[in-house]
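S.K.: Residue numbers (our numbering), protein chains in the order written: chain A, 1 to 114; chain B, 1 to 112.
You may find that some hints are simply not true.
20 Å max Cα-Cα, derived SDA-like pairs, lysine to any residue [to be verified]:
| no. | chain 1 | residue 1 | chain 2 | residue 2 |
| --- | --- | --- | --- | --- |
| 1 | B | 99 | A | 100 |
| 2 | B | 37 | B | 111 |
| 3 | A | 7 | B | 41 |
| 4 | B | 99 | A | 8 |
The hints are simulated quantities; they were obtained by calculation from the structure and are not laboratory data.
Owing to the predicted nature of the structure, the values given are computational and were not obtained by experimental measurement.
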Amino acid sequence: SAVISQKPSRDICQRGTSLTIQCQVDSQVTMMFWYRQQPGQSLTLIATANQGSEATYESGFVIDKFPISRPNLTFSTLTVSNMSPEDSSIYLCSVGENLNTEAFFGQGTRLTVV
Amino acid sequence: DQQVKQNSPSLSVQEGRISILNCDYTNSMFDYFLWYKKYPAEGPTFLISISSIKDKNEDGRFTVFLNKSAKHLSLHIVPSQPGDSAVYFCAAKYSGTYKYIFGTGTRLKVLA
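Turn these sequences into a full structure, and let the hints guide you.
M.R.: Spelled out as structure tokens, the structure:
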């Protein structure tokens, strides 16, 4: 299974600022995803990070708020822009290889916005 | 609309006994189901999965059962160990996509 490293593991940020989360995988992977887990809730898919093109966002998530980059097959970033306390969540990077195998997750980034 | 539901937010089981975690789904287009385990400050770890063409999959102490007619999934852990104490998430995937829909999780506590 792929080893996924996320940075930072946690951060406390002021409202109105932006935070970029990095996701590094130890091997080339086909698919990379970003999820959010709000307190007491399930994991929700934010977007699929596409290599060399714009990310594909799920309903309720927009590029201006969550810009994503994926410059190659092992790395992606998620930026949480113009943060408010409602953005306080765990953000998780995930990778998948094909349709009939499991997705793997990074350890997550715990974000608190004050 | 919650398409994947875990109606029990928590479960306590004595060490050595069976733990049964349940999951219900509403969308018949789901074709692949998974269970993940999550410890605090860690990402979810894949545990076991099942394709919609099967009704049972077993891996050591872990067995997943799928009842398609009832749209119900369960995870059995036998025997339960204190190290199994974690939050367990059920997830379902749409046919032909990579998109996973997660339940809200069940916190399992195995008592020594």
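S.K.: So, for every hint listed, does it hold in this structure?
M.R.: Hint-by-hint comparison with the structure:
{"no.": "1", "hint": "B:99 with A:100", "result": "holds (12 Å)"}
{"no.": "2", "hint": "B:37 with B:111", "result": "holds (17 Å)"}
{"no.": "3", "hint": "A:7 with B:41", "result": "holds (13 Å)"}
{"no.": "4", "hint": "B:99 with A:8", "result": "violated (25 Å)"}
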